[in-house]
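Undergrad: One-letter residues, chain by chain:
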Amino acid sequence: MADTTTEPDDRPLWGPTAYLLLVRIWMRAASQYRVSLLLTTVAQLFTTCLDLIAILVIYSHVRTIGGFTLPETLYLYGTTRLAFAVSDALASGVENLATMIRLGNFDLVLIRPVSSLAQVLADQFTPKRFGKLAAPVLTLGWAIDALPLHWTAAKAAVAIGTVVCGLVLYCALWVLTGCISFIAVDAQEVANSFTYGSENATEYPLSIFGRPLGLALTFVLPVAFVTWQPSLYVLGHPDPFGLPEFLRFASPAAAAVLSGLAALAWRACIRHYRSTGS
Amino acid sequence: MRVYLTAVRLSLRRYLAYRSSAAAGAFTNTVFGCIRAFVLMALWKQKPEIGGWDLADAVTYAFLTQGLLAPMGVFMTSTELGPRIRTGDVAVDLYRPVDFQTWWLSLDLGRALGGGLLRTVPPVLFGALLFPVRLPSSPLRWTEFAVCCALGYLISFGLRYLASLAAFWTMDERGMSSILVALGMFCSGLIIPLSVVPGALGTVLLHTPWAGIMQMPINVLLGTQSGGVGYALAFGTFWAVLLLAAGRMLTDVARHKVVVQGG
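Chains as they are written, first to last, in this note's numbering: chain A, 1 to 278; chain B, 1 to 263.
So here's chain A without its partners, still in its complex pose:
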């Protein structure tokens, strides 16, 4: 940690700079255990393949699921998992927040003249998380190749926007669910329902969840905007729920709203934080 103190002046570090600095430190720490790092990276790679195998097993029995063919579902899987993998790498340090609060280490975070969010997001950053990227990238490549898509500039822009907005939505979700730890320190596992739960739900066509739940996942917990709505446009697939056309392009708005909520929630939690210290 010695080289973090070489800043010549004592102005507080800008959040993103602090984040990158902390990420570098944590990566160096993680690479001290080389064999373990290698094995955990392989495990991450393997874990993301499991859902892919499950999808392939399902499609070995039937031609469509919820009205979607295998390449279409793999496109959904690829975009979802790619967005989630990047958000996981960037923001899943939030998962350690409950332990930090319980042990009183969060007090130290607040004392430092660096953004508390940057410190928490970067916590325990490890390169193993990049292991999650391989399967989605390869799958997405295959799905795009196999799909009879007529690419236009608009479609390409929406496809790239899908991953970018999805990643922002997931990051906002990480921060929002991290706030659960402030309210109930041992209810942290509830957060998994929202983070990993939405990851698992959005890799399938939303139509399999039926109309009531499908609408809830669009307007209450807006994970439909991670990949489902924009992908309907890219795939040229009519919306099974019959929702208006403009929602296909509403992902940036949804991402902005959820990020705003996450920022507000985080500030409120920091303001009301009471140390667990004895």
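Hints in this document: simulated from the structure, not taken from any laboratory. This one's a predicted model, so the numbers in the text were calculated from it and none came from an experiment. Think of the CB as a built atom: it goes at the ideal place given N, C-alpha and C, for glycine as much as any other residue. Each hint should be verified, as a subset may be incorrect.
To be verified - For lysine to any residue, the following SDA-like pairs were computed, each having C-alpha atoms within a straight-line distance of at most 25 Å:
(1) K47(B) with V164(A)
(2) K47(B) with L38(A)
(3) K47(B) with N200(A)
(4) K47(B) with V204(B)
(5) K132(A) with G242(A)
(6) K132(A) with L205(B)
(7) K257(B) with Q101(B)
(8) K132(A) with I160(A)
(9) K45(B) with P212(A)
(10) K47(B) with V185(A)
(11) K45(B) with P238(A)
(12) K132(A) with K47(B)
(13) K132(A) with F194(A)
(14) K132(A) with L215(A)
(15) K47(B) with I160(A)
(16) K47(B) with A159(A)
(17) K47(B) with T64(A)
(18) K47(B) with I25(A)
(19) K45(B) with N200(A)
(20) K257(B) with V35(A)
(21) K45(B) with L215(A)
(22) K47(B) with P136(B)
(23) K45(B) with L217(A)
(24) K47(B) with G199(B)
(25) K132(A) with L201(B)
(26) K45(B) with S207(A)
(27) K47(B) with F194(A)
(28) K47(B) with Q101(B)
(29) K257(B) with S36(A)
(30) K132(A) with L108(A)
(31) K45(B) with G242(A)
Unchecked claim - Computed far set for chain A versus chain B, every beta-carbon distance over 12 Å:
(32) R28
(33) V114
(34) A187
(35) E189
(36) A191
Claimed, not checked - Derived CB-CB ranges, DEER-like:
(37) G67(A) with T203(B): 24 to 34 Å
(38) T276(A) with A128(B): 51 to 61 Å
(39) G210(A) with A17(B): 46 to 56 Å
(40) F75(B) with F219(A): 24 to 34 Å
Chain A is fixed; fit chain B onto it per the hints.
TA: This is chain B only, laid out in the frame that chain A set:
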């Protein structure tokens, strides 16, 4: 014998002390049960019978696996022994005048019983209320299910104990354990029932020890185990004995190694 029963009891009591944590876990299990149920329902609506199961069997499976997840320790990277080997605290454990493997089995069993008490019923109950879950009413069927679950638990402990012991050699059990969890998630049928996996992969999966942890007990409960209850019992016993014996042998080797190193 009494010392082990006390260990089970105290470990159970410790688990039961963190009730809100268990409630949060049960909530998450229920959410995932719903996601899996919807996915399987989408499949079964297109093809009403796969591997001898109808839609109700598949939905029941989705919620039962989520209910068994915690007691069976499918997501657990190892036992609590792993970190103790890494930190060196195991030296104290080796001093205890008890059988090393049985001691850790007792502690883990307490945890499993606690998980079974607090985390198994909520997802299954939720599924039964809102989904086409079908559970048998025959007490004999439930007894057979319970025996198969006990064997499945021993298999799970046997695997996790071996992964923990690896720390004696690699100094860090986490890499080994994370591979074990990834393998176990799939091979135990958590993500997709093993009975729907086609071809040679499906056949192989039905013979790994993980098949005995959740898939076979549930097959027995649903009355769809090929070869009947007898096969499930023989399969479970075979793997449980083999893995526990391997753990015992490896413990002796490790104990020897620790003595040689001189602590």
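Undergrad: Next step is simple, just say for each hint if it's right about the structure.
TA: Quick rundown of the hints versus the structure:
no., hint, in the structure
1, K47(B) with V164(A), "violated, 36 Å"
2, K47(B) with L38(A), "violated, 41 Å"
3, K47(B) with N200(A), "holds, 22 Å"
4, K47(B) with V204(B), "holds, 24 Å"
5, K132(A) with G242(A), "violated, 34 Å"
6, K132(A) with L205(B), "holds, 24 Å"
7, K257(B) with Q101(B), "holds, 16 Å"
8, K132(A) with I160(A), "holds, 19 Å"
9, K45(B) with P212(A), "holds, 18 Å"
10, K47(B) with V185(A), "violated, 44 Å"
11, K45(B) with P238(A), "holds, 21 Å"
12, K132(A) with K47(B), "violated, 32 Å"
13, K132(A) with F194(A), "holds, 19 Å"
14, K132(A) with L215(A), "violated, 29 Å"
15, K47(B) with I160(A), "violated, 35 Å"
16, K47(B) with A159(A), "violated, 32 Å"
17, K47(B) with T64(A), "holds, 11 Å"
18, K47(B) with I25(A), "violated, 52 Å"
19, K45(B) with N200(A), "holds, 20 Å"
20, K257(B) with V35(A), "holds, 21 Å"
21, K45(B) with L215(A), "holds, 21 Å"
22, K47(B) with P136(B), "holds, 23 Å"
23, K45(B) with L217(A), "holds, 22 Å"
24, K47(B) with G199(B), "holds, 18 Å"
25, K132(A) with L201(B), "holds, 23 Å"
26, K45(B) with S207(A), "holds, 13 Å"
27, K47(B) with F194(A), "violated, 30 Å"
28, K47(B) with Q101(B), "violated, 46 Å"
29, K257(B) with S36(A), "holds, 22 Å"
30, K132(A) with L108(A), "violated, 31 Å"
31, K45(B) with G242(A), "holds, 22 Å"
32, R28, "holds, 17 Å"
33, V114, "holds, 28 Å"
34, A187, "violated, 4 Å"
35, E189, "violated, 4 Å"
36, A191, "violated, 8 Å"
37, G67(A) with T203(B): 24 to 34 Å, "holds, 32 Å"
38, T276(A) with A128(B): 51 to 61 Å, "violated, 38 Å"
39, G210(A) with A17(B): 46 to 56 Å, "violated, 39 Å"
40, F75(B) with F219(A): 24 to 34 Å, "holds, 31 Å"
When each numbered hint is compared with the structure, violations occur for hints 1, 2, 5, 10, 12, 14, 15, 16, 18, 27, 28, 30, 34, 35, 36, 38 and 39.
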